[in-house]
Amino acid sequence: MLNERAFIHAVSNPLSTVHFILDGTLESLRLDPNSKALASQLEEMKKALDQAISLLRARREELIQASKPPGHVS
187 MLNERAFIHA VSNPLSTVHF ILDGTLESLR LDPNSKALAS QLEEMKKALD
237 QAISLLRARR EELIQASKPP GHVS
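Numbers 187 to 260, taken from the numbering used here, label the letters of the sequence shown in order.
If you're looking for bench data, these hints aren't it; they were derived computationally from the structure. Honestly, I wouldn't trust all of these hints.
To be verified - Listed next, with one range per pair, are the computed distances between beta-carbon atoms:
1. Ala238 / His258: 25 to 31 Å
2. Leu249 / Lys222: 36 to 42 Å
3. Gln237 / Arg191: 17 to 23 Å
4. Asn220 / Ala244: 34 to 40 Å
All of these numbers come straight from a predicted model, not from anything done at the bench. In this text, a Cβ means the ideal position worked out from N, Cα and C, and glycines have one as well.
Please work from the sequences and hints to get the whole structure.
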């Protein structure tokens with residue numbers, strides 16, 4: 187279980203970086219009327235990235251809960 191948590195952490199960090207950069211890029215593209223097609227494609231990429239990040243967060247939370255002793259209330 188510890189290896190899986192380390193893996194999730196290792197994958198989450200670069201995905202979060204990509205998410206941050208993508209948000210900034212989209213913000214810039216939205217201001218340029220000539221970039222609508224590219225902005226639309228990047229929006230689709232962002233949706234997929236959001237989905238992957240959500241899945242990782244959910245799995246991380248499952249692992250944290252599973253590692254707590256029985257009867258532990260958080």
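Results for each hint:
1. Ala238 / His258: 25 to 31 Å: holds, 29 Å
2. Leu249 / Lys222: 36 to 42 Å: holds, 41 Å
3. Gln237 / Arg191: 17 to 23 Å: holds, 20 Å
4. Asn220 / Ala244: 34 to 40 Å: holds, 38 Å
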